[in-house]
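*Asks:* The lines below spell out each chain.
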Amino acid sequence: MTEVTFKIFRYKPGVIDPPRYDTFKIEVDEQMSVLDVLEKLRINDETLTYRHSCHHGSCGTCGMLVNGKEVLACVANVLALGTTEVTVEPLRNAPLVSDLVVSMEPFFNKYAPVEMPLIRQSEYLPEGKPSEEVGSYTRYESCLECGLCLSACPVVATDPAYLGPAALAAAARVVQEPRGQDVPAILQMVDNAEGCWRCHSAMECSEVCPNDVDPGSMIMYLRQHLISDKLKHLF
Amino acid sequence: MGKPHVVIVGGGATGAALAHDLTLRGVRVTIVERGEVTSGTTGRHHGLLHSGARYAVKDQESAKECIQENMILRKIAPGTFELNNGLFVAITDEDMAYHDAFLAGLETCAIPYQEITTQEALQREPNLNPAVKAAVEVPDGTMDAMRLPLRFLATAQHNGAVIKTYTQVTKLLMKDKTVVGVRVRDHVTEKTYDIGADLVVNAAGAWSDKIAAMAGVHVPMQPSPGVLVAVYGRWNNMVLNRMHRSGDGDIILPQRTLSVIGTSSWVVKDPDQLEMKKEHIELMYKMGAMLVPAVKNAPMRAAWAAARPLIGSESGATTGRELSRTFKCFDHEDRDNVIGFVTITGGKATTARGMAEVTANVVVEKLGLDVACRTREVVLLPHTAYYRRGV
Ligand SMILES: Cc1cc2nc3c(=O)[nH]c(=O)nc-3n(C[C@H](O)[C@H](O)[C@H](O)COP(=O)(O)OP(=O)(O)OC[C@H]3O[C@@H](n4cnc5c(N)ncnc54)[C@H](O)[C@@H]3O)c2cc1C
Ligand code: SF4
Ligand code: SF4
Ligand code: FES
Numbered sequence: 001m002t003e004v005t006f007k008i009f010r011y012k013p014g015v016i017d018p019p020r021y022d023t024f025k026i027e028v029d030e031q032m033s034v035l036d037v038l039e040k041l042r043i044n045d046e047t048l049t050y051r052h053s054c055h056h057g058s059c060g061t062c063g064m065l066v067n068g069k070e071v072l073a074c075v076a077n078v079l080a081l082g083t084t085e086v087t088v089e090p091l092r093n094a095p096l097v098s099d100l101v102v103s104m105e106p107f108f109n110k111y112a113p114v115e116m117p118l119i120r121q122s123e124y125l126p127e128g129k130p131s132e133e134v135g136s137y138t139r140y141e142s143c144l145e146c147g148l149c150l151s152a153c154p155v156v157a158t159d160p161a162y163l164g165p166a167a168l169a170a171a172a173r174v175v176q177e178p179r180g181q182d183v184p185a186i187l188q189m190v191d192n193a194e195g196c197w198r199c200h201s202a203m204e205c206s207e208v209c210p211n212d213v214d215p216g217s218m219i220m221y222l223r224q225h226l227i228s229d230k231l232k233h234l235f
Numbered sequence: 001m002g003k004p005h006v007v008i009v010g011g012g013a014t015g016a017a018l019a020h021d022l023t024l025r026g027v028r029v030t031i032v033e034r035g036e037v038t039s040g041t042t043g044r045h046h047g048l049l050h051s052g053a054r055y056a057v058k059d060q061e062s063a064k065e066c067i068q069e070n071m072i073l074r075k076i077a078p079g080t081f082e083l084n085n086g087l088f089v090a091i092t093d094e095d096m097a098y099h100d101a102f103l104a105g106l107e108t109c110a111i112p113y114q115e116i117t118t119q120e121a122l123q124r125e126p127n128l129n130p131a132v133k134a135a136v137e138v139p140d141g142t143m144d145a146m147r148l149p150l151r152f153l154a155t156a157q158h159n160g161a162v163i164k165t166y167t168q169v170t171k172l173l174m175k176d177k178t179v180v181g182v183r184v185r186d187h188v189t190e191k192t193y194d195i196g197a198d199l200v201v202n203a204a205g206a207w208s209d210k211i212a213a214m215a216g217v218h219v220p221m222q223p224s225p226g227v228l229v230a231v232y233g234r235w236n237n238m239v240l241n242r243m244h245r246s247g248d249g250d251i252i253l254p255q256r257t258l259s260v261i262g263t264s265s266w267v268v269k270d271p272d273q274l275e276m277k278k279e280h281i282e283l284m285y286k287m288g289a290m291l292v293p294a295v296k297n298a299p300m301r302a303a304w305a306a307a308r309p310l311i312g313s314e315s316g317a318t319t320g321r322e323l324s325r326t327f328k329c330f331d332h333e334d335r336d337n338v339i340g341f342v343t344i345t346g347g348k349a350t351t352a353r354g355m356a357e358v359t360a361n362v363v364v365e366k367l368g369l370d371v372a373c374r375t376r377e378v379v380l381l382p383h384t385a386y387y388r389r390g391v
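Residue numbers (this note's numbering), protein chains in the order written: chain L, 1 to 235; chain H, 1 to 391.
Hints listed in this document are in silico derivations from the structure and should not be mistaken for laboratory results.
Ideal Cβ positions, reconstructed from N, Cα and C, are used throughout, including at glycine.
Possibly wrong hints are sitting among the right ones.
One side only, chain L facing chain H, incomplete, derived with CB under 10 Å [unchecked claim]:
(1) I16
(2) H56
(3) V183
Model the full assembly from the supplied sequences, consistent with the hints where possible.
*Replies:* Here you go:
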């Protein structure tokens, strides 16, 4: 057991307003995640609000800033952070709701219209032969809809009209594997000044993405696709 | 007269499916959930869309519910499941001794299956333990524990349900022997207020006895936690199960780019106090390696615990394995002479729709409505619609 000091951002509109930081000292073992700590603290303070659901980096709800960096709290091991003081704050570039909770509505208003199917062909174990009835093995798309990439993106921070890395990465996935979706309509959605051409390619999004979606490279993929499409039309 | 108003306590799979059912039947619904939706047990479950095969010998009522709901969910929630089927494999001689009873159970419960050769099993799943002695394919699938309930919630919300998160029930409002609403604490505004209701449904899962106690009644809830371990790598594409009586670490479920090994089972009094049993992590690795030897060295993504809302026998359970996975709807008017109050609990995430149908039948009758259930046919909105209230 190691004693760690947690500095937690607190905000309740009209109640804890302006926000403040609450400090807690807590004993953690080598297994505990930041989410485990929040769950422990909530037993004594039911007013502490944060989003969580799956506890294994799969649902994408528990994104927050831990020591200033975008992470999923449920897979952020406390001792691996290597600091005896840990600061926990809500994600950036999203409307603040309460404490560590931000609204995901703007995220989904950009992401959902892409209509990326949730299920994709599985690239794992290609040597495995499924039964005739199954046809080919499928899996979930990698994007967890966590919003970490939007929090880290400097363009999203200054330009609310920018489509943003998650929606663009989803669009790229539809282009790669259309599954019956309308590819020309998707390309039109991203081929403009607030779409894939707005990105500065600094790759902050890919750095924080917890599930290797690599939105920065997916945006490059879209650009290359659009350029080669245009070249084809020239000749 | 306006529509009757029902308050549902708990925003897990059960509350979500019930809100959907009741709104379709013309009831005004408010869900109150103390945290984020699915932040109780639901979000943390293993992710198995049960075919029922796991319960085909010991718990046939539950097995039949599972296969029926499995088939309905495929229709009403298309695009939500990894439908790669499941494989039950015998690894040891003890497993083999279960084989005949297992097939007989599948027959009795009308669960479609296909016995395949061990050679074929290894072709389907190259990482499977080569010691495999027998293999049976069943229509298991995998789901995302949060996104299926979100589809129920999104559709209910679209049909007028109000979903209040970070809103904790602190008291049931009683008029003599009748429940007339709930008192809640809003953890965002830090305000306490009352919500009136024609009827209150307790869908608080492992917490349902705590809510029942607020009406002075008791439900035999036996919170039974289990540990799950997610490891990096998708080591199998089908759900792999040991062909034996449900035990520890006998399922490996592929999910996205991970594999999830589960689970163990014990019992607790308070579902908020789930100490993580470290030796259970080792047990998951050890037992998981019986199915897929390679998971032994797979790095861990996370280990966590969640509490099953099992309905206890009054005599008391020790591991939770002996308790049925079926559900129960308690009509507290019949049972305890408390009017306007119903509890729905037990069951599985897979059977939430069916649980909701049974409960909604009881609820609408009490409200004097005569409207049939439509949730077997209505296709659910995408989960993303839940977040887009303004659209
Ligand atoms: C380890 C494990 C693995 C499982 N695996 C599977 C599986 O693979 N497939 C499957 O189909 N099922 C599985 N299950 C079972 C399944 O998870 C549960 O049966 C189901 O999720 C229960 O849903 P529920 O809505 O009844 O309960 P919950 O999801 O717990 O919902 C109850 C809600 O009530 C809320 N609440 C409590 N008190 C209050 C209050 N005072 N005011 C307001 N709200 C309150 C809680 O926050 C909670 O969100 C598993 C369970 C466990 C534990
Ligand atoms: S690469 Fe583009 S999308 Fe990603 S963070 Fe940078 S500007 Fe934003
Ligand atoms: S692209 Fe990555 S960081 Fe962005 S929402 Fe999806 S999973 Fe999260
Ligand atoms: S709780 Fe689901 S990703 Fe962290």
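*Asks:* Would you mind marking each hint as holding or not holding in the structure?
*Replies:* Here is how each hint holds up against the structure:
1. I16: 8 Å, holds
2. H56: With a closest approach of 4 Å, the H56/L hint holds.
3. V183: 18 Å, violated
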